Amino acid sequence: MHRFQPTTRTRAHFFTIMSATSDSSATDVEPGSEDQAPQLAALFLIVFDQKVGYTLTWRRSAVDVELDGAVEFKSLPSGLHAVKDDLVYFVHEGYAGLSAFCNKPAPEAERNAHFVAVGILVPLSYGRLGRSWLHAGRLEKLASVMADDTTATAPLEEFWEEQSQSKPAASGSAPRVDRSKAHGRARALSTITAVVPSEQSLPPYHPALSIIQYVDTLGPLVYRLQQAALLRKRILFVGAPPVRQKCEFVYNLSVLASIPNALADLLPPGTDSLRRLRSLFSLGIHDIPLLEKLRTYKPAVDSEDAQTGSCESGEQGWVACTTDEIIVTKKQLYDIIVEIPPTYDAKPETRVWPTMKNSEGELIRASQRDVWRYKLLHHELWKYRQDGAKTNGTKTNANESEDGDEDARLLEHRDTHDDRSEEDEVYNSNTVEPMTWSQLAYSGFMWWASAGEKEAYIVEERDRDRELLGDLSDFQTGLPTAVIAYFHRLTSSLVSRLAALIEAVDDEDGGAEVHGDGGLEGELLVLGKDDMSRAGLDSWSEADKGFVEDFLWLYFGRRAVVKGASLECCGVQVC
Numbered sequence: 001m002h003r004f005q006p007t008t009r010t011r012a013h014f015f016t017i018m019s020a021t022s023d024s025s026a027t028d029v030e031p032g033s034e035d036q037a038p039q040l041a042a043l044f045l046i047v048f049d050q051k052v053g054y055t056l057t058w059r060r061s062a063v064d065v066e067l068d069g070a071v072e073f074k075s076l077p078s079g080l081h082a083v084k085d086d087l088v089y090f091v092h093e094g095y096a097g098l099s100a101f102c103n104k105p106a107p108e109a110e111r112n113a114h115f116v117a118v119g120i121l122v123p124l125s126y127g128r129l130g131r132s133w134l135h136a137g138r139l140e141k142l143a144s145v146m147a148d149d150t151t152a153t154a155p156l157e158e159f160w161e162e163q164s165q166s167k168p169a170a171s172g173s174a175p176r177v178d179r180s181k182a183h184g185r186a187r188a189l190s191t192i193t194a195v196v197p198s199e200q201s202l203p204p205y206h207p208a209l210s211i212i213q214y215v216d217t218l219g220p221l222v223y224r225l226q227q228a229a230l231l232r233k234r235i236l237f238v239g240a241p242p243v244r245q246k247c248e249f250v251y252n253l254s255v256l257a258s259i260p261n262a263l264a265d266l267l268p269p270g271t272d273s274l275r276r277l278r279s280l281f282s283l284g285i286h287d288i289p290l291l292e293k294l295r296t297y298k299p300a301v302d303s304e305d306a307q308t309g310s311c312e313s314g315e316q317g318w319v320a321c322t323t324d325e326i327i328v329t330k331k332q333l334y335d336i337i338v339e340i341p342p343t344y345d346a347k348p349e350t351r352v353w354p355t356m357k358n359s360e361g362e363l364i365r366a367s368q369r370d371v372w373r374y375k376l377l378h379h380e381l382w383k384y385r386q387d388g389a390k391t392n393g394t395k396t397n398a399n400e401s402e403d404g405d406e407d408a409r410l411l412e413h414r415d416t417h418d419d420r421s422e423e424d425e426v427y428n429s430n431t432v433e434p435m436t437w438s439q440l441a442y443s444g445f446m447w448w449a450s451a452g453e454k455e456a457y458i459v460e461e462r463d464r465d466r467e468l469l470g471d472l473s474d475f476q477t478g479l480p481t482a483v484i485a486y487f488h489r490l491t492s493s494l495v496s497r498l499a500a501l502i503e504a505v506d507d508e509d510g511g512a513e514v515h516g517d518g519g520l521e522g523e524l525l526v527l528g529k530d531d532m533s534r535a536g537l538d539s540w541s542e543a544d545k546g547f548v549e550d551f552l553w554l555y556f557g558r559r560a561v562v563k564g565a566s567l568e569c570c571g572v573q574v575c
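In terms of UniProt numbering, the sequence shown opens at residue 1 and continues consecutively.
I should point out that these hints are in silico values taken from the structure, not numbers from a laboratory. Treat the hints with care, as some may be off.
Listed next, the in silico DSSO-like pairs over lysine-lysine satisfying Cα-Cα at most 30 Å (straight line) [claimed, not checked]:
1. Lys375 - Lys563
2. Lys293 - Lys330
3. Lys357 - Lys330
4. Lys84 - Lys141
5. Lys375 - Lys357
6. Lys51 - Lys141
7. Lys84 - Lys51
8. Lys331 - Lys293
9. Lys357 - Lys563
10. Lys51 - Lys104
11. Lys529 - Lys357
12. Lys529 - Lys563
13. Lys375 - Lys529
14. Lys331 - Lys357
15. Lys141 - Lys104
16. Lys293 - Lys357
17. Lys104 - Lys84
This one's a predicted model, so the numbers in the text were calculated from it and none came from an experiment.
Take these sequences, add in the hints, and give me the full structure.
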């Protein structure tokens, strides 16, 4: 039987990775040439007609791609008529799409409203969305103008003419990134992905600017969703319009769940396709045939490739969003559904958290450790904001733009209740796993046994969580970079610990440097409480146990069993 064997440098490489990523300013928000808008592959106008529905009334295309019967539905998701304006991201035949929707009053004969959308297609060679957001402001203005008179297409002609005269980038290649101006410390630590120069702020409309909103909306579930994304599940955000927020959440999750480049040497051959989660963005009922072709990403069964973590060709996970409930009813099309409530910015005692379920309708809930980590992250974000407020509007961050403080924009939606303590947050049984009887008994026993003192094990675990988070204010490139680097460190810690454990149990001379309680039982890799804790997981959570077993099989081709925590007295397991 073939088995993945970590290189002999695994342990040394682990410390290199963790030291490099502990303060890294690196990120994965595809920052290169952010002020250079991509050349359009297509420009089109969609108008609602009361007799025939949405109609593609004007178009220009520089490529051979079918627009009719596709972009109309992608640009105008179900329920969009309920909002005044919106931005919708989608993908279509190898291109990234962006449409700006506008809803303006109209005579009763036209159902009292003008619904129009001005959309574009750009090459995906520039990243997940082809940097299409750089055209968002222009598209919003064009949509507003066209809503007044859909026949006056001169502004569209002018925009297309400008694009036709611009110099196109090389086919299939992204623009060159000038790193000569990047912060020196960031260059030295660029072991995760691309580096964002400290002088450069993210442009308006960049989806990464919503990353604090993403974390704040999901609460402790942000960690459980991260696990599903790392397992390359088919993940679907569901909620009512506007669509822009959920499209940006798709982008955020895809970035956060990317596998850092520094981990390449620790993963076996054949796992390159697992490095990034595919992003589909907005979906509708006309995308159902596509979803039927995309199956869950699983290791091949009963094959030689399974032992190296290789996956069946054509199988892949994805993340997308929809406003269409019909897709939700087709449970075979997705693995995980995240229902986003209409409002999230409320007082702690009245707040409604998102609901996360599998395709069978079973709730997926955060662990007790996830709650602790989320409160820690929440506090750091609050502290970052407080530190910024002390500057009284002066620029203290190289990532601030001339138009204002970017990080203030990231946190502005938290102004109303940001003075609350993280202890005020209320989580119900739909959001967080309850403590198990064993955990309750263990806590009571340890209190009695130690006269009320905290067990050193818990203190070490929380210190480890604090160390992985670090101080967000240390990041010269701003909050998006800090949050993304934090989640990448969590992934790095998980992969590195598991790779080191595999090497230790497979190497007769190894194991001395890896402190844990794992081992081998036949061909099964056994993980204990200490292994789980050091990998950043909750040793009491059954969901975390299942996750690490699935992760080891998907990425390393190793079958595992996790024993986790239990209550023992005098060497005898009580529960």
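Each hint tested on the structure:
no.	hint	result
1	Lys375 - Lys563	27 Å, holds
2	Lys293 - Lys330	14 Å, holds
3	Lys357 - Lys330	14 Å, holds
4	Lys84 - Lys141	13 Å, holds
5	Lys375 - Lys357	23 Å, holds
6	Lys51 - Lys141	27 Å, holds
7	Lys84 - Lys51	22 Å, holds
8	Lys331 - Lys293	14 Å, holds
9	Lys357 - Lys563	25 Å, holds
10	Lys51 - Lys104	18 Å, holds
11	Lys529 - Lys357	27 Å, holds
12	Lys529 - Lys563	7 Å, holds
13	Lys375 - Lys529	23 Å, holds
14	Lys331 - Lys357	11 Å, holds
15	Lys141 - Lys104	13 Å, holds
16	Lys293 - Lys357	22 Å, holds
17	Lys104 - Lys84	7 Å, holds
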